[in-house]
Each structure stands twice: as C-alpha cells, then as structure tokens.
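Asker: Protein chains in written order, with the working numbering: chain A, 1 to 425; chain B, 1 to 425.
It cannot be assumed that every hint is accurate.
[What the hints assert, rightly or not] Here are the computed lysine to any residue pairs in the SDA-like style, where the Cα-Cα straight-line distance is at most 20 Å:
#  : chain 1 : residue 1 : chain 2 : residue 2
1  : B       : Lys423    : A       : Gly240
2  : A       : Lys423    : B       : Glu256
3  : B       : Lys423    : A       : Phe180
4  : B       : Lys363    : B       : Asn194
5  : A       : Lys84     : B       : Arg238
6  : A       : Lys365    : A       : Gly376
7  : B       : Lys84     : A       : Lys94
8  : A       : Lys94     : B       : Thr181
9  : B       : Lys293    : A       : Pro425
10 : B       : Lys293    : A       : Arg82
11 : B       : Lys94     : B       : Asn106
12 : B       : Lys291    : A       : Pro425
13 : B       : Lys363    : B       : Asp117
14 : A       : Lys291    : A       : Phe228
15 : A       : Lys423    : B       : Lys363
16 : B       : Lys423    : A       : Thr181
17 : B       : Lys291    : B       : Lys363
18 : B       : Lys293    : A       : Gly277
By construction, these hints were calculated from the structure, which means they are not laboratory data.
There are 2 protein chains.
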Amino acid sequence: MSGVPRGMALVAQSGGPTAVINASACGVIQEALRQPNIAGVLGANRGILGALEEDLFDLAAESAETINGLLSTPSAAIGSCRYKLGSLVNDRAKYERLLAVFQAHNIRHFFYIGGNDSMDTADKVHQLARESGYDLRVIGIPKTIDNDLPITDHCPGYGSVAKFMATATMEAGRDTEAMFTFDAVTLIEAMGRNTGWIAAACGLARRDERDAPQLVYVPEIPFNLDRFLGDVDDVIRRLGGACVVVSEGLKDASGEYLRAETGSFGSDRFGHRQLGGVAEYLKELIEARLKVKARFNKLGTCQRNAIHWASLTDSREAYLCGQEAVRQAVSGSSGVMITLERVSQNPYECRTGTVPLREVANKVKYLPREYMNAAGNHISQAMRDYASPLIQGTVPIRMGEDGLPIFVRFRRQSVPKRLPEWKAP
Amino acid sequence: MSGVPRGMALVAQSGGPTAVINASACGVIQEALRQPNIAGVLGANRGILGALEEDLFDLAAESAETINGLLSTPSAAIGSCRYKLGSLVNDRAKYERLLAVFQAHNIRHFFYIGGNDSMDTADKVHQLARESGYDLRVIGIPKTIDNDLPITDHCPGYGSVAKFMATATMEAGRDTEAMFTFDAVTLIEAMGRNTGWIAAACGLARRDERDAPQLVYVPEIPFNLDRFLGDVDDVIRRLGGACVVVSEGLKDASGEYLRAETGSFGSDRFGHRQLGGVAEYLKELIEARLKVKARFNKLGTCQRNAIHWASLTDSREAYLCGQEAVRQAVSGSSGVMITLERVSQNPYECRTGTVPLREVANKVKYLPREYMNAAGNHISQAMRDYASPLIQGTVPIRMGEDGLPIFVRFRRQSVPKRLPEWKAP
C-alpha cells in the first residue's frame, strides 16, 4: 500500500459499446467493493460527460445480482459517450472542472474503460491531478471492438465481435452457397473505421476452399476496384458464387474512403467521418459490371453487442482487466492502462501488464501486413494463430421464460450534487 | 399401407434458406431410410431445377454423422433455387419432364420443402402424376422465415429467425440506450417482403417501457411518414432516444413499397421486387427532419441462417414435419402439406396435421391486425402469446477447436443420368 488516502472510486465507460465492456465494469466494482481502502464506488452517467456534469450514481447501492448480471449484459450499462477533451491548454477549464468534481466527492480512484481517445483523456486527468497535488489514481481499462490499441496483445471486446462475425459469415456463406445460381454474391460489411481487425476475424470462418468468406478486404491495403472485381469474378467462375467480407473503412490508393455514409450527420464530434455504405456500393458495382445478382448484410451495432454468442475467453479477460485495474490503483499505480500479455500460444495463456497511458493515447495498432495473404484479399495463418485463442468458449446467458436473454439495468441511485451546475459545452 | 409401389424418395429444398430447413431434410432422410417401402433417398441439386435437369445425388450414401449434422447446419444443404413453374397449361413441358425424371428413377415419393410457390409446384406435380396414372406421393413440407403460409399455425424457420432477431434487437437496443445522447435513433430492418411476422417478432424484445424496440412497423399497416416521425420524436422526448424496427416491405397508403432496392436486379424471377433500402431511407429522413443522428442495422441473410441462436422448439418441429411427411407418404397420402396444429397454449403443445396443397398454394397469411396495438406501431399481447412458445430453447451446436461451429456438407455422390440432357429455360 502506498498511502493513497481512503476515498471513493469512480468508474466510467466511453465510446462505442462492446459485448463485454460490462464485464470489465463488473471486475472493477466487485474488486473495489472488496478493498478496505476504497470507501465506495460511483458510476458516471454518459462517460466523461457525467463526470464533468457531476451526474453520478451509487454503484455500491446496486444488488449483487445486478452487478453479477453485468457479465451477460451487453453494451455500456453505466452509460457511454463520444466526447473528446482536447489538450490541457485548450480544454484546461474542463480538466479543472473534472478535478473539482473528484475533490468534491473525495474520488481517489478513477477507472476509465475505453479506447484510444479515452486513454488520452485519462492521461491528462492523471497529469493535472499530479500537477495540482491532488492524490488520485487513474487507471485505463482497454475496450474496443476495433482491437486497435497499441502495446496490449489484444483488446477486450475484440474476441467477442470476432467470434460472432466469423459465425455470422459462416452462416451467411451457407446461404450464398445454397443459392449460388440466383444470388451469386453476398457482401458482408464489417465495422472498422481505420483497421481491418474485424473484417480479418471474419476470415477465420474459412476452413476449406468452399467455405465463406472467399475474399476479405481491409482498410490497411489500398483498395483497387478492378482487382476486386477480378477477384470476385474468379471465385464465381471457380465455385459458382462468392461470399465477400469488406471493412466499412476501405480506402483507395490515395487514402480516401471508398464511400462515406450519406445523411445529415457525415462526421461525429471527433471529426471522424461516419461510414457505412461500402457493401451497398460494391453490391451495385458487382451487379453492373459482373452482371450477377448480389446482396449485402450490414450487421451494424448488432455485431458489437452480440453477448448471446460472445467469447468466454474475451469476457474473462475483460473482467480480469477491470479487477487488475483496482489492484493496481490500490497498490499505488496511476497513469497506466492495463494490458493483456500473451505469455504462451499453445496452450494459450494470457496475463495482465501495465503501460503508461501516454504510450497508448491516440495511437492506432493496424492489422500487420503479414496477417493478410500475399494478394491482400484474405487472411494468413499468422492471423489465425493470433485470433483463434481469443474466440474460445461462449458466455453463459441467463434466459427468461419468454425464450429471450435476461439483461440487467442499474437502479441508478443519484449521488447528490455538491457543486454548482456546469453544462458541458 | 396403400399399395404404393416400392420406389425411391426424392427430397428438394426451395426458396430462401432458413436456420432449420435442414432439420426438415434430416427428418425426411432418417425416416425414409427406416421405411421398407422406400428403396433409397435422392436429393435434387438446386431444388426443382435439379429435378428438372436430372441433377440428382444419393442421400443414402451420406454418413449417419453428416445426416445428423444437418440438425445444426443452417441454410439449404441439398441446394435451393428460386424457380417458379407456371400453370399446367403454360408450363406443361416442364411438368412432363419432371414426371419423366421421376419415372426414369422410379421415384415414388416426392418431398418438397418450401414456401407458397413451392406448394403450388408440388400441387401441380401431384395433379399431373394422377392424370397420367403415375403412382406418386407428393408431400409438401412447410418452410419459410416469413411465416406466411396459411392454415398451419406457424412455419418451421420462423421461430428461429424470431428468436435471433428479438435477441439482436435487445442487444442493439442496449447500445442505443448507452449512446442516446450521441446516436439518438437505431433502426433495425427486418426481412418480410409482404408480411410483418419477423418485424413483429422483434417486438418480443420489449419487456418494459425502456426496452427496445420502442416502435415496430409492419407492411400490413399502411405507413404514414409524418405519423412515423411523430412517433419517433415522442419516444426521443420520453426516453432520450429510440430503437425502431421496420419491415423491409413497408408500403404507403396506396400500397406502393416505401423503397425498392437500388441496383441492376430490381426484381427476381418471380417478378417480386427486391427490397432492402427502407431502414437507410428512414435513417436519412429522421436526420433531416428530426435533427438527430440515426443509424441502421440490416442483418440481411444473417438473420435467416442464425443456427447458433436458433429455437430448439422450431428445430424439433421442423424435424417432425419432415418425419411426418414420410409417414404420410408411405401411408398413402399425396397432394398434401404437413401443418403444425397448436393443440394447447399453456403448456404449449403442437402436433402435425395435413392440408391439401391447393389450399395453401400461392396464398399468404398476413399478420392479424389484432397482433399489433391500436396505434399500429408495436405488437399486442396476442402476438406475444402466439410467438413466445415458438422461440423456446436453443439448438445445441457442435464446436470446433477453432472456437467456431462445425457445419456439415454432403459428399453429393451423383446419380447417373438416364434421360437425354435437358436444360431449364
């Protein structure tokens, strides 16, 4: 023990939900409630926004059954946000407000479950607290279906989307196979704005030549339309039809997105462009150029929340990261993110580690080129070796009498505000 | 026994695949192999097309393990088609060709697993055989995710798509809920060209007011855009955001589809228009008119093949229909479709029956108005009572060491042709 003053813990979730982000929250809450140096556990509604606006609720007031139910409840039960804080110079007032909220509630442990942007926020909170002499432990817990955080072997959330999307690809592939003569091509659009990790996971579905997907395209490899149409045509000639996985973030040789989503909200608050039309665009091109019928599946947010077919390995690691975050905090660490370190491949064995937040903040881990084949249109054995251990087992789901899963919701007992009202701009 | 000559059985699958159409095939094959009056079991590649082109394979040559594996293999393992035969007058040559193929292989039992159109084909084959004095038993086995066959209480295939889509709606709904402030609306597009059965099944996901989906729209109720936008706006005001299920086949007051899919293949060979753009269209309208961000999920063919989360009740009934078809055939029935009759609601109990094919051919069972609420924007208790028993249990899935399901494929040992080559026009 490092002499951290006894105080409250605050947990917040950020960014796009995953099937197992609540397993990390469960790990934090259950471990924090066991720690004598932690006086209570608060949740921030809507991620960092809730922390800024002092919109907090008492996680210790939730039942043990609800907290345990987080293990089989998808999405961010505490509440999430997409709200990026800028630099300590430009957004100083916001960081100071955060610290004021922490001080007002004697919050001494801040656990932030999120991706690249969140680790940047957590790092700045950590820096400011240290500069200000406020004794605070800030621990980042990795979460992203995109699997694009650096240093950690992989990210909680990825194994589950990988398992579900690979399975959905197998299933849709059998549909295509049965209907080759009629709908020759099925396109499956996988999430992944900048990286091909999820699309590549769909590639795991292919065990032999006839299996879907016959082709996989990722954003890391510049997309060439003529080569793509040639690839599809080759597969149709060989097998009668094709099931093709494309990442939503495909880019051409000049680095431009192949297709940005139409609609009135072309980019989110981070300035990221919202994508989504790649599969539909390619479907129309295939029909026009190859003269065969094509269709597309875009599973959208269903893919990242599929707890009903989540990886048990992923869920356990997500829990472990949450639990380890608390242990790190009470033993005096701060300004670090929990990592997963693969210590053995066969049998697969993984342990936690830590890395300074500044080393992960705003950095992106791309799919290594060697995880794809030479032609750049399918995965390699290296990708299989990497990803297969991450999708083992399925998370047990509590079922209702109506034949559907039972998910939990927090009671959300509000913590009375102690500061003047403050609205995030 | 009715004195049907000992002979071969032929099994064919037709139309869009389902998660459990292979369970019906399994029931046919396993029961047929037990019947002394059935000399062997053949499969038709690509449904009725394979029968027409004498493209047959020997199902009895498949291993018991493969045949049993059909129970956990989605889509149409025998091979399917969309190929409609016309009237006995207009398409006489095709029907006669079919009968010639049957005679050439001494096929005395024809089992056709399909939907409305297939029952029409089966009926005509039955009629022509009788007119021609060829002793043939023709039994239809219901199959459609659309659940739109008349007389039968429900159709094998429906319970599984219902269970999966309701679960996916629950999961995506939790995503929306966590991100209300940012992505206010999630639209989920359910299959259903003419009927709202699948969209209505998504409504089962809602157990309390906060649950997704808050709104459900079906083709049977004319779609009014202003009322829709008002409904969505109401939910956003009340809860902060909304998860909305729309059927791909929504129609306006004049009966026109709200949106037909773009692309070069606007209709299939039956003259049905191909749909698919409803959710994307409504997403853009919501953004433009309500000034909130929206997104859409279109699970496409993944929804109808989701064996990994299929209803055990549905799978068992699909098997039972296949098995009963064989028993009916060998006991002398012909020209009938197997039906499911709900004999008790609580506890749920279902038995098989039969109905003349001509009474189901080309008829459509719409979602009854009373299965929707008065406002026409969600389901009623009657729909819950009807559908909940159909989604009970989950089909056990054999898993590979790679963490993914194991599906089977037939060896497809071809039956030598006995007739001159004939190509379907």
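Asker: Look at each hint and say if it fits the structure.
Answerer: A quick look at each hint next to the structure:
no. : hint                   : in the structure
1   : Lys423(B) to Gly240(A) : holds (17 Å)
2   : Lys423(A) to Glu256(B) : violated (47 Å)
3   : Lys423(B) to Phe180(A) : holds (17 Å)
4   : Lys363(B) to Asn194(B) : holds (12 Å)
5   : Lys84(A) to Arg238(B)  : violated (27 Å)
6   : Lys365(A) to Gly376(A) : holds (18 Å)
7   : Lys84(B) to Lys94(A)   : violated (66 Å)
8   : Lys94(A) to Thr181(B)  : holds (19 Å)
9   : Lys293(B) to Pro425(A) : holds (18 Å)
10  : Lys293(B) to Arg82(A)  : holds (13 Å)
11  : Lys94(B) to Asn106(B)  : holds (18 Å)
12  : Lys291(B) to Pro425(A) : holds (18 Å)
13  : Lys363(B) to Asp117(B) : holds (9 Å)
14  : Lys291(A) to Phe228(A) : holds (15 Å)
15  : Lys423(A) to Lys363(B) : violated (59 Å)
16  : Lys423(B) to Thr181(A) : holds (14 Å)
17  : Lys291(B) to Lys363(B) : violated (42 Å)
18  : Lys293(B) to Gly277(A) : holds (16 Å)
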